[in-house]
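Participant: If you want the building blocks of each chain, they are given just below.
Number of protein chains: 2
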Amino acid sequence: MRSLYCGEVNESHIGQEITLCGWVNKRRDLGAVIFLDLRDREGLVQVVYDPDLPEVIKKANTLRNEFCVQIKGRVRARPEGQVNKDMKTGAIEVLGLDLTILNKSAPLPLDSNQTNSEELRLKYRYLDLRRSEMTERMRFRAKVTSAVRSSLEGQGFLDIETPILTAATPEGARDYLVPSRTHKGQFFALPQSPQLFKQLLMMSGMERYYQIVKCFRDEDLRADRQPEFTQIDIETSFMSSDQVMEVTEKMIRELFQTMLDVDLGDFPRMPYSEAMRRFGSDKPDLRNPLEIIDVADILKDVEFKVFSGPANDEKGRVAVICVPQGAAKFSRKGLDELTKYVGIYGAKGMPWLKVNDIDAALATGSEGLQSPILKFLAKDQVTALLERANAKTGDIIFFGADQYNVVSESLGALRLKLGEDLELLQGEWKPLWVVDFPMFEEVDGHMHAIHHPFTAPTNLTAEELEANPVGALSDAYDMVLNGCELGGGSVRIHNQDMQAAVFRILGISDEEAEEKFGFLLEALQYGAPPHAGLAFGLDRLVMLMTGASSIRDVMAFPKTTTAACPLTNAPGNANPDQLKELGMTTLEEEKQDEAASQE
Amino acid sequence: MRSLYCGEVNESHIGQEITLCGWVNKRRDLGAVIFLDLRDREGLVQVVYDPDLPEVIKKANTLRNEFCVQIKGRVRARPEGQVNKDMKTGAIEVLGLDLTILNKSAPLPLDSNQTNSEELRLKYRYLDLRRSEMTERMRFRAKVTSAVRSSLEGQGFLDIETPILTAATPEGARDYLVPSRTHKGQFFALPQSPQLFKQLLMMSGMERYYQIVKCFRDEDLRADRQPEFTQIDIETSFMSSDQVMEVTEKMIRELFQTMLDVDLGDFPRMPYSEAMRRFGSDKPDLRNPLEIIDVADILKDVEFKVFSGPANDEKGRVAVICVPQGAAKFSRKGLDELTKYVGIYGAKGMPWLKVNDIDAALATGSEGLQSPILKFLAKDQVTALLERANAKTGDIIFFGADQYNVVSESLGALRLKLGEDLELLQGEWKPLWVVDFPMFEEVDGHMHAIHHPFTAPTNLTAEELEANPVGALSDAYDMVLNGCELGGGSVRIHNQDMQAAVFRILGISDEEAEEKFGFLLEALQYGAPPHAGLAFGLDRLVMLMTGASSIRDVMAFPKTTTAACPLTNAPGNANPDQLKELGMTTLEEEKQDEAASQE
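So the protein lines, in turn, are chains A and B. Under our numbering, the residues of the first sequence are numbered -1 to 597, in order. Under our numbering, the residues of the second sequence are numbered -1 to 597, in order.
To be clear, the hints were calculated from the coordinates, so they are not data collected in a lab. These numbers come from a predicted model, not from an experiment. Treat each hint with caution, since some may be false.
[Claimed, not checked] Restricting the straight-line Cα-Cα distance to at most 25 Å, the calculated cross-link-like pairs of lysine to aspartate or glutamate (DMTMM-like) are:
no., chain 1, residue 1, chain 2, residue 2
1, B, K578, A, D551
2, A, K102, B, E461
3, A, K514, B, D575
[Claimed, not checked] Label pairs and their computed distance ranges (CB to CB):
no., chain 1, residue 1, chain 2, residue 2, range
4, B, S547, A, T459, 43 to 49 Å
5, A, E217, B, K338, 46 to 52 Å
6, B, E252, A, E439, 52 to 58 Å
7, B, D218, A, T459, 29 to 35 Å
All residues carry an ideal CB built from backbone N, CA and C; glycine is no exception.
If we strip away everything but chain A, and leave its shape as in the complex, we get (with noise of 0.2 Å):
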């Protein structure tokens, strides 16, 4: 139906008829010449039409934006002054000599101006993907699927599907269930990842797994949360986590490469504890320069109790965080805001101290300093921490004193939100590993696995993790890129051993290992390989890639917050026949029974 994309003719064109199908972006009437801007997937055309032609322009006559039509014309260059650099074919257009309407459309419910509410995207959805920038972002998501296979493929990794109808998956969240007809009263569960599945496939000797995959989970969502979303999903026999990284580490390189130009060079790596210490996060953003400096040792002798008794906690810290320039960037309205914001994480207050003149406060001890706490230090802890902070004339000082993990959690959103206010962020791309996580975290005296289950130790037999479970680090790795984990994995466990002790840690009966992960457990009886994996969250690693800011936005039909879709008006009602052959009912009528009884 036509011979080339509107974004696809050119000058070399020019002369020639050419059949064109689109959509009528924009038509303009000058005197009694028609202009169109016709688009299609690929771009826009001028396509012009003149009353040289009157049964033509007659029905040209009746064109509105977004009518689909068929156009033939011939190609010209555009009249000297009315080239259009800004446009990719705005050097021709096309004198339209034939028009043949393939739909008419009504005026679009979705303000061109994309003020529209999110809802209404959402309703309009087919309406809103039109939008070049949409389009663009649903193009470049299949460019980066497609990459990615390629590389993985090119390094022998077999795409293989895994069951969306299976059993609970352990990774914690609520899984969505399906009542199951032929097991009346039982449940399948769609797949929070295909964790077990791929470490099966391991043991069936596949060796390299990859699948673009759909995972789901059932929780409240945020602005990077959906109840469905996409993994890329990696597993390997025979190779060590080092290996592993290197392997995906290049397919990412290669990725921001080929589609962005972008280097992102080799890709340092940082324990999880430094990770903690520095940037009191898991996921650092080192596009922003603040870092958290410990001071614990410089005041664990003040008087001033909210410093020195952290100070002498084993599990307390004292920091701060030293804001270049920062000093005139917050009057006392300002610092109280700051000081409600590190409450969210629960700090209890934010002293601060502003550096008016490093001189004479290195000199002194006191002035050029302006702060509430600066009555409780000494000369020499003043000076030991401007300097310990590299503290400079019209710096800010901010400190958190307190429990480590409330300090350390604080502090690192403190430091988040001050790169962002203060518009701090250096450089574009700032990739990182964090490695050495703890295999466990205790929590009113349990043991929780930092990540699942099947994560395996680094260096560490059996008998030595179940010796001194909280000081093992686990042979684990997350891809962290600009503040956004892009993707996690770790080494398995292949042992049988290993994998009881594990359990017997985290408090797992014999019996509820036994029912949760019997066939893992039987299966690692069988030979089981080494073998480590990591998946990838592609919705976020497309959204950071596009600017986007949510990803929703690179999704074609994603949910609403509240896990619903306007436009199919999904989730709906059931059919009651449909619930009694699955041996379900709701309890919306016995509620009803409820209430009425109640009025």
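Starting from the structure of chain A, add chain B where the hints point.
Facilitator: Positioned in the frame of chain A, the structure of chain B alone reads:
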């Protein structure tokens, strides 16, 4: 952990020290020497441990089948006379210098002679997949999807993901339901296909969409059905049915060329009516040389009512299949069995005629023939019959006479059975397109869509269609290979008036249309482009290409015929608290209460 794969070791490595990882496929001891066949994804290699290295052979001595090991060794030529030409690595062997046992294996629960029940194979799927036949199928499938993606992406198709949690779809089979937690009492449905989403993507201007995507149907299972299956899903804008057929035929032709070195040639096209007439099937297996031949005109005046009744009925059919050299192959008992067989398809009997001497038969109309119905036929009827059927000495002719569909289906089934039983199939691959389907079929006075209700008619206006729906042909096409439907599709309706007309013909009320497809109808208002598409069944395609006998054999983790997974024990019981959160309850308890009260 390895320097190369087992299956890759060859004579170019002789003299080199290499490291291999894999599984002990077989161990043989010859005196003090231990021979291992070591297996990995790429194949087998022979490893020899001899007593010169006492430490190592002591370890080797503990090896059992399926132990997972890492070996270091030196490649050497096999001694004269021990070269194994049937083995890819049969010219060399590896002298074992060191050995690390990565994991032990208990004796496998599966027989190596592969007489395992399907239940057992699925329970230990990870072991079943270790068989080279299964590994090869998974690898073949991965190559197929990769080739399909390359082909489509090379033609500008964009891979766009559509939702798995969605609204009930219009395909007509039973949906899997997913209860919503945030909208209690309401349900998502898992898609039977992304039909409406891919049409919406055309309305959004994506122009060329594809996806290799999971689809779901809660139906009772047969050999080639699974609760979840995978489609190669395609949709295009501004393309005619001819163009869609060209693009997808090219894709399949290239696929067979690349994967199997088979040239399928140009696919013939056959109208649905011809397929039903000549083969009694809308997916004829053209490898089968038998055809159904109409003979109503010859038999409409016989006294035998079984023939003359249908022969004079507009909705009847009288036809034969002539089996070359088939006369000697059917005893009385064999003929009785065939009669029973066609009975399944509604045939009330199956007259037959053996041609023992064609010259005598043509000369006399009765001699040289053997048949229970000969007495009803006049000489000119017999000779006309024999000539129409092109009968030769030694042939047998089977008759069908009944309603048109009964004759077509029963003789169609008979044709397939005879083709298989008598090994008549000719050629390896016989593709074709079946086209010109009727739009509707009338059942009990109601019109049903042969394809789905979004299928466009061929060359008809909405008015013409409504005036004569029974005679209307749809612009749909099925790709058939060796009697299997590989894929099917159609030009879609892009015009609101036409869609409304089809809904009226189908007896779908405005309210029902609005409720089920309101968003589609609304979308047609806003310049929806002409569009068309097709979907292939990937599982079936791979099954055919690999010669597997079930789609289960080309899926990594299929379900049983009762839609269960013996490996993970899915489906399973749900946590009652989670059901409560979903506003659901099972009828189990209720039933248990009833059962108790009846005791």
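Participant: If a hint holds in the structure, say so; if it doesn't, say that too.
Facilitator: Okay, the hints, checked on the actual structure:
1. B:K578 <-> A:D551: violated, 33 Å
2. A:K102 <-> B:E461: holds, 19 Å
3. A:K514 <-> B:D575: Between K514 (chain A) and D575 (chain B) the Cα gap is close to 18 Å, so the pair holds against 25 Å.
4. B:S547 <-> A:T459: 43 to 49 Å: Once the Cβ atoms are compared, 47 Å apart, the range 43 to 49 Å for T459 (chain A) and S547 (chain B) holds.
5. A:E217 <-> B:K338: 46 to 52 Å: violated, 58 Å
6. B:E252 <-> A:E439: 52 to 58 Å: holds, 53 Å
7. B:D218 <-> A:T459: 29 to 35 Å: violated, 51 Å
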